[in-house]
Amino acid sequence: MDRAWSSTKRGLSNLWQGLREWCGDAAYERYRLYAKRTGQNPIQSPTEFYVDQLNKKYSRPNRCC
Amino acid sequence: MKRFFEILIWAGLAIVAATALATIALHRGEPISATWFVLAAACSYLVAYRLYSAFIAAKLLALDNSRATPAERRDDGRDFVPTNKWVLFGHHFAAIAGPGPLVGPTLAAQFGYLPGTLWLIAGAAFAGCVQDFVILFCSIRRDGKTLGEMAREEVSKRGGFIAQLAVLAIMIILLGVVALVIVNALKSSPWATFTLAATIPIALLLGVYLRFVRPGRVLEASLMGVALILFAVVAGRWVADSPTWSKVFTLSGLALTFAIIVYGFAASALPVWLLLAPRDYLSAFIKAGAIFTLAAGILLVRPHVLMPPLTRFVDGNGPVFAGKIFPFCFITIACGAISGFHSLISSGTTPKMIQHEAHARLIGYGAMLMESFVGVMAMVAACAMTPGVYFAINSPAQIVGAAPETAAQTVSSWGYPLSATTMANLAHSVGEQTLWNRAGGAPSLAVGMAQIFSTTIGGERLLSIWYHFVIMFEALFILTVLDAGTRVGRFMIQELGGRVWKPFGRLNWYPAILLSSALIVGAWGYFLYQGVVDPLGGINSLWPLFGISNQLLAAVALVVATTILLKMGRLKWIWVTLLPMAWLVIITMTASYEKIFSENPRIGFLSFANALAAQIAAGKIPTAKIAETQRVIFNQRLDAVVTAVLAGMILVLLVEALAQWRAILSKEKQPVLHETPYVPTHWAEGD
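First to last, the sequence lines map onto chains H and B.
Under the numbering used here, the first residue of the first sequence is numbered 1, with each subsequent residue one higher.
Under the numbering used here, the first residue of the second sequence is numbered 1001, with each subsequent residue one higher.
There may be inaccurate statements among the hints.
Taking lysine to any residue pairs in the SDA-like style, the calculated list, with each CA pair at most 20 Å apart, reads [what the hints assert, rightly or not]:
{"hint": "1", "chain 1": "H", "residue 1": "LYS57", "chain 2": "B", "residue 2": "GLU1149"}
{"hint": "2", "chain 1": "H", "residue 1": "LYS56", "chain 2": "B", "residue 2": "GLY1077"}
{"hint": "3", "chain 1": "B", "residue 1": "LYS1085", "chain 2": "H", "residue 2": "LEU19"}
{"hint": "4", "chain 1": "H", "residue 1": "LYS36", "chain 2": "B", "residue 2": "PHE1080"}
{"hint": "5", "chain 1": "H", "residue 1": "LYS57", "chain 2": "B", "residue 2": "PHE1265"}
{"hint": "6", "chain 1": "H", "residue 1": "LYS57", "chain 2": "B", "residue 2": "ALA1269"}
{"hint": "7", "chain 1": "H", "residue 1": "LYS9", "chain 2": "B", "residue 2": "VAL1087"}
{"hint": "8", "chain 1": "H", "residue 1": "LYS9", "chain 2": "B", "residue 2": "TRP1086"}
{"hint": "9", "chain 1": "H", "residue 1": "LYS57", "chain 2": "B", "residue 2": "PRO1271"}
{"hint": "10", "chain 1": "H", "residue 1": "LYS36", "chain 2": "B", "residue 2": "ASP1075"}
{"hint": "11", "chain 1": "H", "residue 1": "LYS57", "chain 2": "B", "residue 2": "GLU1495"}
{"hint": "12", "chain 1": "H", "residue 1": "LYS57", "chain 2": "B", "residue 2": "ILE1032"}
FYI, nobody ran anything at the bench for these hints, they're computed from the structure.
Isolated chain H (complex conformation) (with noise of 0.2 Å):
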């Protein structure tokens, strides 16, 4: 019963992550991860990230027919 109950809540775990994933809220994490990793300095704020990552994506075709 244990192991059932654990396994649903790291499906739902996984779940959840994957959908922030999908649709981007956790993308500015995933960034600031990078830069701790790298070392980089001074990171964006999350809205300089957030605009910054809009401008990029709509430059280029990201929507098809």
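With the hints as your guide, set chain B onto chain H.
Here is chain B on its own, set in the frame of chain H:
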């Protein structure tokens, strides 16, 4: 033993696929259950994925998981980001799935359910998925280079230029056509117009929230937005019922045209975070929800397909669009089977995020199979309604007649019984004033989907809500394509203009932004305008033009892929890309030729222009209508020129590629491959 069971399971799936395909192909007489379509598609896709994509991965591409991908080598936490394969699958699918796989199959249903369904399944497995998969692989091996860059490096400089021009051309035609689909869905419908108009302030609100209140919190903002949009769908009924407000939101085709043109200009020139991005988030969530609900609805309701396998319109005289099955069914289905536009996504963001080369199989091949499945579901939804109703909604007034009684008689005379009362009752139950002459695919698909949804939840009472939910869903993501496409088109024009006059290329210089926005909006706006004033309803001329340009771009992608594979020495398996390429060249060239030169005025642009000119000369056109008719003549000739230019471009690219292939095969020239050098991965397979 395990292997034996595996073989047994896959053989079983193949037998089910073959049985279901045979059933839908050979069934005659009584209506057929949609379950057969779901089984045929799902089992065929599973078998194609298990066998054909594995064969391509192993033999043709020889995917190498020991090789570091661009996401590993150039990881920068922004563009090059190693991403979980299922998350990337979701990203890629959301990017490639647009209105095409919904509208194309709905329009192609005029031939009956059979030709479109077979092409959706076979075309995806042997052409569309192959294109997406191979281009994704080629781009991964080149640090995420675009199709245009690969064409320039691997085929020729001219090839690269042609690919870039083709992208701009298809973008303009695509935006004009999808805007026409919205206009035809919204005209004279205050409920639908209000709902769509409400999405603009909702998107602006979300934009401000995401920029200033909770930066980047997309999930919570989108959920709020979705709730507001669902409320707007319900509130639309109150607007439609109000004598004052319904007048405000009842717009003619021309009024909607200018509204959409102004909107497109604003979306292109405004900061991306304010309108474009939040609308895209809303669209992605609603798209995912609606597609999932449609799949669940079809599985639960298992509707009967009432359309015959083949209609009388296989003879080329269809009321929705003119032309025989070959080549027009293939041109019309477009994105659900193969879409050139996908090659731009496969050589855009996706290759920069892939963790291992082997993931390209799931993402490139698998996501396209999923899109094709959406196309099959759209076909089921369109064919599940009474054929008479389908033709009444999709036929222009010039063909069936403007008065409901006359139109009902015309449709009935084709062998699809229909009464004017049936249409009036249906319009009333979906909350519309009329459903006659709403060519474009969106309203008929909305009726089909709403009937399936309402059978699952709410019954007849909720039919009108479901109908307007589907119209909103279609229009919302068409507007997203319009926003995003206009902006990218603006950048392309600025890049081209910047080569002539440098300041024009500056992306933050407002005069250049405004001028380039006006140019791109003016270009697709012109196609939209000509579609709205077209006496045959616009879709008859413009959807095939869009299909031709989209399939031509697919041919460009497959020419590039074939050239790269030849350079890699994969001659033995080259037919995998060569055959779909040859097929696309044949269908696009035939369709282009017929659209330009056919003597049938409903097919040939020139013969239609000549027929109208002859009517003017013979004094058969009233004086008040002469100027309008002359505009239609000009538009038809313009469409002929555009088609000829598109076909000419692919022929030039083909000649360039053939010269390359000859030189490689005759060993006249040492093939130069522009792959990035091999770097071993530091990641384990499970990373």
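Quick rundown of the hints versus the structure:
1. H:LYS57 / B:GLU1149: holds (18 Å)
2. H:LYS56 / B:GLY1077: holds (14 Å)
3. B:LYS1085 / H:LEU19: Holds - the C-alpha atoms of LEU19 (chain H) and LYS1085 (chain B) are around 13 Å apart, at most 20 Å.
4. H:LYS36 / B:PHE1080: Roughly 17 Å between the alpha carbons, so the hint for LYS36 (chain H) and PHE1080 (chain B) holds.
5. H:LYS57 / B:PHE1265: Given that 20 Å is the threshold and the Cα spacing comes to 19 Å, the pair holds.
6. H:LYS57 / B:ALA1269: Holds, at about 16 Å.
7. H:LYS9 / B:VAL1087: holds (19 Å)
8. H:LYS9 / B:TRP1086: Holds - the C-alpha atoms of TRP1086 (chain B) and LYS9 (chain H) are around 19 Å apart, at most 20 Å.
9. H:LYS57 / B:PRO1271: Status holds; Cα separation ~13 Å.
10. H:LYS36 / B:ASP1075: Holds - the C-alpha atoms of ASP1075 (chain B) and LYS36 (chain H) are around 14 Å apart, at most 20 Å.
11. H:LYS57 / B:GLU1495: With a Cα-Cα distance of about 17 Å, the restraint between LYS57 (chain H) and GLU1495 (chain B) holds, given a limit of 20 Å.
12. H:LYS57 / B:ILE1032: violated (44 Å)
Checked against the numbered hints above, the structure breaks only hint 12 and satisfies the rest.
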